[in-house]
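Asker: Sequence:
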Amino acid sequence: MATSVGPSFAESVLGPEVRQAGASSAPQCGFFRYSVRESQFAAYNHCGETTVLVHVDVRGGGSGNDFHLCVSPGPTQLPGAGPNYLNAYYIGGAGCRSGDRTGHSPH
Numbered sequence: 088m089a090t091s092v093g094p095s096f097a098e099s100v101l102g103p104e105v106r107q108a109g110a111s112s113a114p115q116c117g118f119f120r121y122s123v124r125e126s127q128f129a130a131y132n133h134c135g136e137t138t139v140l141v142h143v144d145v146r147g148g149g150s151g152n153d154f155h156l157c158v159s160p161g162p163t164q165l166p167g168a169g170p171n172y173l174n175a176y177y178i179g180g181a182g183c184r185s186g187d188r189t190g191h192s193p194h
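88 is the number of the first residue of the sequence shown in the working numbering; add one for each residue after it.
Among the hints, a few may not be true.
Unchecked claim - Ranges between beta-carbon positions, derived for each pair:
#1 R124 - G182: 21 to 31 Å
#2 E125 - A181: 34 to 44 Å
#3 D187 - R146: 16 to 26 Å
#4 G182 - S122: 12 to 22 Å
#5 G186 - D144: 27 to 37 Å
#6 R124 - R184: 27 to 37 Å
#7 E125 - S192: 31 to 41 Å
#8 A181 - V123: 30 to 40 Å
#9 E136 - D187: 12 to 22 Å
#10 D144 - D187: 24 to 34 Å
#11 R124 - A181: 32 to 42 Å
Hints are computed from structural coordinates only; laboratory data are not their basis.
All C-beta atoms in this analysis are idealised placements derived from N, C-alpha and C, irrespective of residue type, glycine included.
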C-alpha cells in the first residue's frame, strides 16, 4: 500500500475538505492514499474548477458498497478508513452540491 509523505490533513467544520501544508506537497489529480502516524486515509484531488461526481470503489460487498460523492476543487478526504477504499474516479455531474453522497447507480 502506497503512502504519501506530504500534507497533513484534517476534517474541516464545513465538511471533509483536506487541508494542505503547502503547494509543493499537493497530491496529483485523482485518488490517493496518505498516512498520518499510524492511521491510513484515502482522498480524491479534483483539479477542475467546478464540483463533480466521483465514483468511490469500496472494498467488499461488490458494487453494493460503492457510492457517488460530489467533490469540490482540491483534495477531499473520503469518509472512514483509507484501507477500505480501492479507487475513486470522475464520472461527471458538474455543478453538483459538494458533499452530497448517493448510492451506486449504473453510469
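Asker: Under the constraints set out in the numbered hints, which ones does this structure not fulfil?
Answerer: 1, 4, 5 and 10
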